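As you go down the protein sequences, you meet chains D and P in turn.
667 is the number that our numbering gives the last residue of the first sequence; the numbers go up by one with no jumps.
667 is the number that our numbering gives the last residue of the second sequence; the numbers go up by one with no jumps.
Don't read these hints as lab results, they were simulated from the structure.
Note that the structure is predicted; figures quoted are calculated from it, not measured.
Careful, some of the hints might be misleading.
Which copy is meant is left open, so a pair is good if it fits within one copy or across any two.
[Said to hold, decoys possible] Here are the simulated EDC-like pairs of lysine to aspartate or glutamate, each with C-alpha atoms no more than 16 Å apart in a straight line: (1) K581 to D525; (2) K577 to D525; (3) K452 to D613; (4) K441 to D562; (5) K642 to D571; (6) K516 to D375; (7) K290 to E122.
Protein chains: 2
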Amino acid sequence: MNINDDHGTTVVRRDTQFKPKSSWRSWLIGRPLPTADAPHQTIGKLIGLAVFASDALSSSAYGTQEMLVVLAVLGSSAYQYVFPLSLAIVLLLTIVVISYEQTIHAYPNGGGAYIVSRDNLGDLSAKVAAAALMTDYVLTVAVSISSGVANLVSAIPSLLDYRVILAIILVFLIMILNLRGVRESGAAIAIPAYFFIVSTLLAIGVGLYKYMNGSLGTVVDPPLLETAHLTQGVLAFLILRAFSSGTSALTGVEAISNGVPAFKEPRSKNAGITLIIMATILAVMTLGIAFLTSQIQAVPSEQETVISQIVRTAYGNRGILYLLTVTSTTIILILAANTSFAGFPRLSALVAMDGFLPRQLAYRGSRLVYSYGIVLLAIIAAGLILVFNASVTRLIPLYAIGVFLSFTLSQTGMSIRWRKIGRIIPGGFLKERGSTLSYEKGWGFKMVINAIGAVLTGVVMIVFAVSKFTQGAWLVIIIIPALVILFSGIHRHYKNLAGDLSLDNYGTPPQISRQRVILPIGGVHRGTMAALRYARTLSDDITAVHVSIDPEETEKVRQKWETWGDGHRLVILESPYRTFIEPLLEYIDEIDEMRQPKELITIVVPEFVPRHWWSNMLHTKTASTLRMALLFRKDIVITNIPYQVD
Amino acid sequence: MNINDDHGTTVVRRDTQFKPKSSWRSWLIGRPLPTADAPHQTIGKLIGLAVFASDALSSSAYGTQEMLVVLAVLGSSAYQYVFPLSLAIVLLLTIVVISYEQTIHAYPNGGGAYIVSRDNLGDLSAKVAAAALMTDYVLTVAVSISSGVANLVSAIPSLLDYRVILAIILVFLIMILNLRGVRESGAAIAIPAYFFIVSTLLAIGVGLYKYMNGSLGTVVDPPLLETAHLTQGVLAFLILRAFSSGTSALTGVEAISNGVPAFKEPRSKNAGITLIIMATILAVMTLGIAFLTSQIQAVPSEQETVISQIVRTAYGNRGILYLLTVTSTTIILILAANTSFAGFPRLSALVAMDGFLPRQLAYRGSRLVYSYGIVLLAIIAAGLILVFNASVTRLIPLYAIGVFLSFTLSQTGMSIRWRKIGRIIPGGFLKERGSTLSYEKGWGFKMVINAIGAVLTGVVMIVFAVSKFTQGAWLVIIIIPALVILFSGIHRHYKNLAGDLSLDNYGTPPQISRQRVILPIGGVHRGTMAALRYARTLSDDITAVHVSIDPEETEKVRQKWETWGDGHRLVILESPYRTFIEPLLEYIDEIDEMRQPKELITIVVPEFVPRHWWSNMLHTKTASTLRMALLFRKDIVITNIPYQVD
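Okay, chain D solo, but in the shape it has when bound (with noise of 0.2 Å):
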């Protein structure tokens, strides 16, 4: 305890002896943790990558197979176009990556798209990347559980009616590890993820080892092709929609330069690395995975996906390893919803302590992280899981397109500031915003790669939009708006708030003199005597006044009033319509014109306290109506007498 006495007020700094007490609470997601704990509370590259690369590799699982679906229409042609396209998704890789390099060391507080473009596009691109982010995390998670699950549902047919209700369940329970803070999450998620990692990179490996010596050949009994799903169109259209569909792997990337915080000190540098690992590591399998699809011509269907085909033709059987690889490919399926778990409360935690959200969202939990956001995740991604009814082929087109809208803006917003530094002499610095810009070499090649890549994925971003637009794109292309008009709703609110609540030029109002007390009574008891008793204390201007419904009542209340009342006033409201709150409001704003401007209305209610909870329910709740009713009313103050009963 200190005391600090220097401008004439007595301050008292006191430590809390609270400890949090062990309940349910502590049980799901572990004790509380303290606020110094917090620098504990971060992960090393390791952990960093199993927590925010999950998304970005299991998209790997799938890729290669969406790009195949579309190119199915050429027949044996189609193979001759993966590999190369696969390159170019690996070529937007590193020019997204490389853009994200630089963001992550100018933004060691967390800068993803919604940062940067809000230092360097201006309010309305924040606002626009943050929504487009905030749908594509939510769509991450409801369609990431939803393709495991339907994974799970055709290993194990029985369970197809509970699809919905075990996708909810596994929400939560991702919910609730990402409640129980970052590093627990991590180490939970840690061993599936490299399981996956190793059991993938082996298989690709012995693929191209049996490649080399010439004994891979083609793939035995492959599944039959679903023509009906073939894709018609021109040739150009159909390689932008193979390289869009292979894309989809590129939303962790945004997930990292977010979560910078998360991670160790020097926490620029391990996120840094951490992307890069990732990077690569997504580069090698999407790459191998692709070369592999067309030496052993993979055939894209519902039956048996392309790395299961991959797979069994490297190791020559469906033996232990297939089983190993297969399997951790669905666990990871599901736990790419983790990623989201990562990005979201995070990025929705910079938006609300800009004011664009509700503040609860920037409020760490007991456990350090942003609870809210997490609760708020799991809502709506378990909402939508419910809407679509768990369906990947009705969620998958909303997907995707957020992330990319995100990514055009936030590296625009890389190459204006690269212009920027250009500008700036040699030596030189510049402060702006949020942040402090020096100059750099390179920046000109620096800002070409940026310019590059914005072209590049907003291109990706407008086929997406355009070719899944009657399947349901225009939703997510109503919602980023929507959300952005939410955003500035909110924003105003505060403004306007902060504005009214502020103390410059507070005149300060003439002191209160005198009081005026009204005392609502419904019988006269020992509840009354102590509202009565409080009451004296303020004034002695007192006036109890009664409702009366029930004329024996009413005179009961009359004559207790004249042994108990002390001589105070009583006023009997009739109430013909049989309600109490009106006639008492018609009172109260009556007594309210007469106010003089020193005089103060206060409301003494007398609210009678039951042991149990649930006696509530056998009394009105008066007490609570009237200061609803009288919370919008200038200068009327309610007090509540709460008088227990034991």
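Keeping the supplied structure of chain D fixed, place chain P upon it in accordance with the hints.
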């Protein structure tokens, strides 16, 4: 306005100008009625018959059929039992009606089984009677609506999937009708009720006429007897079960005797006459249908009701008169639920006035009916329909045990009453509990009638309970005692409360001589200043308390308080776990321990009031949370200073 100053206390009586506004509520249930309108909100015999008799009369539509189902195992000799059994039922009805006729005159304020048991047998029997009756009223709604919907669905099979939601919608429509007041619901129900009475009596009349001139014959193309449902058993047991199946008509008798105050003056006379008219119609219908059933040899079947067979045989074809009669039967089955809506709310209001149920049930709503009871009945009945999937077969075994239990109690009570009257010397009287008993001639005969009634209804009740036990009746046998325990618990609560609140032996506590004010502040703004301004009127001993979660924020608060805090103490509570309420409660506890007897602690909480309700979601409701947490502490008063933002 009149001023009454006889005891030194000023009492002002004021009429309220408040006129209820038009709203969606008044559109739905009509404009509010003043209490003074109550005498006009009564009904005559004509509407009274429709309101209270629908249930009883509708049961004649299926009573004989239920009897035949039980007797079907006897083959064609079944018909020889139908008419004698119906005669026995009419005899039972006569005894019950005579008993209730006496009750209606003895208890002009409404006296069903509950009142009669309370006044003559004691509280426990009264509670059992109330529990039994309330259970049965709820079941009547569920059964009659479900069977009405089942009739509808067999006519329009495409509605089959919607039968649960259809039944629930009908429950709430009848609820709204009843919320509009007894006059309006009575007028609405009168037309279909009289339509049913007239069309059924006409069909019976035509049938009897044809029987007289020998042209009736037997039913043409009778439906097949479903032998699968045949009940096996000894003859005596079969006859008892058939008897009890035919007696479900008697529910309505209870409803009239409870509803005496709903009738126009002279209300006992009007209610009594209505009861006799109802019983007469019911007897004619029951005997007529039983007689014709035997004559035409109608077959009990799921495909065609017995009543349909009688009507088409009487008219000789399926013409317009046949269709009208069958349609009116379906409508009356649904409207039978209305009798419960007339009975249940009145009964629960009586029980609530005695303190066995929440007091709100005794409150008359804007249309002078017991709105809470009406809504409660609708909700429970809808819940039952949902749980039992609107299945009449599963609901019916639960039905009618309650009403016969209450008849037994009621008639036992009446017998005891006659016994007491018999002990009074001729011309004398006896004051006892609720009623004044005076000598009446013929008490012995009346006592015997009631005793026979009690034994008969008791036997029926036991037959019901035993024969339907495994089919669901056990549920009723659990629910009734559970309700009795609930009633006792509620009564104990109200009684303890009255004792705790009583001013008998009230030692005036010491006057409050000083207040200590605690002012929790999140920031320093206009709302804080308004609260501080108010706090100053209470005491000079003011402590502002700030819970510190973010050190930067706390530093701002400290600096601002030095400028604006007018020299009052500021206590900063460190909150290592980022909780707000707990450190504050700990601090208040500490202050509380040091409190002097004449000192009172007031917590003055600035409460920010946004203009729009939705803005509430953008703010943490600290004021409300704090109030909830402090409600249970003694001698701590919470004052909210609402600060409205424009």
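Hints, verified against the model:
no.: 1; hint: K581 to D525; result: between (52 Å within a copy, 12 Å between copies)
no.: 2; hint: K577 to D525; result: between (54 Å within a copy, 15 Å between copies)
no.: 3; hint: K452 to D613; result: neither (55 Å within a copy, 53 Å between copies)
no.: 4; hint: K441 to D562; result: neither (70 Å within a copy, 58 Å between copies)
no.: 5; hint: K642 to D571; result: neither (19 Å within a copy, 37 Å between copies)
no.: 6; hint: K516 to D375; result: within (11 Å within a copy, 56 Å between copies)
no.: 7; hint: K290 to E122; result: within (9 Å within a copy, 94 Å between copies)
In summary, the structure is inconsistent with hints 3, 4 and 5 from the numbered list given earlier, while agreeing with the others.
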